[in-house]
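2 protein chains.
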Amino acid sequence: MSTKLYKNPIPTVDAIIQRESEILLIKRKKDPFKDMLALPGGFVNEYEKVEEAIVREVREETTLEIKLVEILGVYSDPKRDPRKHILTVVFVGETVNKNAKAVAADDAAAISWLDLEFIDNHSFAFDHRKIINDYMKWRISHSTFWSSKN
Amino acid sequence: MSTKLYKNPIPTVDAIIQRESEILLIKRKKDPFKDMLALPGGFVNEYEKVEEAIVREVREETTLEIKLVEILGVYSDPKRDPRKHILTVVFVGETVNKNAKAVAADDAAAISWLDLEFIDNHSFAFDHRKIINDYMKWRISHSTFWSSKN
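If you read the sequences in order, they're chains A and B.
So that you can map any letter, position 93 of the first sequence is 93 in full-length UniProt numbering, and since no number is skipped, the others follow by simple counting.
So that you can map any letter, position 122 of the second sequence is 122 in full-length UniProt numbering, and since no number is skipped, the others follow by simple counting.
Keep in mind that the hints are not guaranteed to be accurate.
Copies of the same chain are indistinguishable here, so a pair counts whether it falls within one copy or spans any two.
Claimed, not checked - No more than 25 Å apart at the CA atoms, straight line, and that leaves these computed lysine-lysine pairs for DSS-like: (1) K7 with K101; (2) K34 with K67; (3) K137 with K67; (4) K79 with K7; (5) K7 with K137; (6) K30 with K149; (7) K34 with K149; (8) K101 with K84; (9) K84 with K130.
Derived from the structure by calculation, the hints contain no laboratory data.
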């Protein structure tokens, strides 16, 4: 059984937290992609559901409580993370308290709401630019996405 | 790094293959849930995308080629599989060739199209009954699902 475990990708979760025309982004404190913008997220622990993992990760990195809206997609291209083969489940969510202020913590060096109109002016960690592009399509179609889907 | 790998759930993929009011089900050849009905699916290999894994698993178990329509949901309740913590990405798909005949192979002892009206008359492996119930909601709403979402 131990050898089998090495042959599977490792699951993570990420969140698009939406507020009208803005989404919440963090500046990464650590490598890979240190100092670049990224969606909040992280590894799923054993015995933790993905829907619990994303709420916990967002709380740890931003201090915000979120509610989940939909699954945007599952991204699993083995080249999306330079460390190893990492699969991510991406949720669309919203803050529970619309007036709560995000505070950068844990793996986030800084945090900011960014208007989707300004996405082109930034570079993103991992495949998060593709994920944000897919989210912009999702706002119109409400369809789901994966790494090789255009 | 080796200890970290043991702390993550293991990813699998499953498919709802739809044909009008029917879906394709297999009878499991092996434990757990030997002889019970289940959705076709299996483990995601390292360096394989989830969208590739589900096409491969359906081909291996049914000989059918499928195209993917949407992601139905991601199910990761640690109690959904008696062996270990297994997370599954569930796709909705359709056969590429509408006249191709499914042939049971690999982990499938038998295979059959089942009308959704007859779902209540059967028992299912894992949490596949919940997944099929969610699919019936999806046919109306096109929303996405997870283990703790009703």
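A quick look at each hint next to the structure:
1. For a Cα distance limit of 25 Å, the shortest separation of K7 from K101 qualifies neither inside one copy, at 41 Å, nor across copies, at 32 Å.
2. Within a single copy, K34 and K67 get their C-alpha atoms no closer than 28 Å, and across copies no closer than 38 Å, so neither meets the 25 Å cut-off.
3. Taking identical chains as interchangeable, the C-alpha atoms of K137 and K67 lie at most 25 Å apart whether they share a chain (21 Å) or sit on different chains (20 Å).
4. In this assembly of identical chains, K79 and K7 lie within 25 Å of each other by CA distance both inside one copy and across copies; the values are 16 Å within and 22 Å between.
5. Taking the shortest alpha-carbon separations for K7 and K137, neither the intra-copy value of 33 Å nor the inter-copy value of 34 Å comes in at or below 25 Å.
6. Taking the shortest Cα distances, K30 and K149 never come within 25 Å of each other, neither inside one copy (29 Å) nor across copies (33 Å).
7. Within a single copy, K34 and K149 get their C-alpha atoms no closer than 28 Å, and across copies no closer than 35 Å, so neither meets the 25 Å cut-off.
8. Taking the shortest Cα distances, K101 and K84 never come within 25 Å of each other, neither inside one copy (34 Å) nor across copies (39 Å).
9. Taking identical chains as interchangeable, the C-alpha atoms of K84 and K130 lie at most 25 Å apart only when both belong to the same chain, with a minimum of 19 Å there against 32 Å between chains.
Checked against the numbered hints listed earlier, the structure breaks hints 1, 2, 5, 6, 7, 8; every other hint is satisfied.
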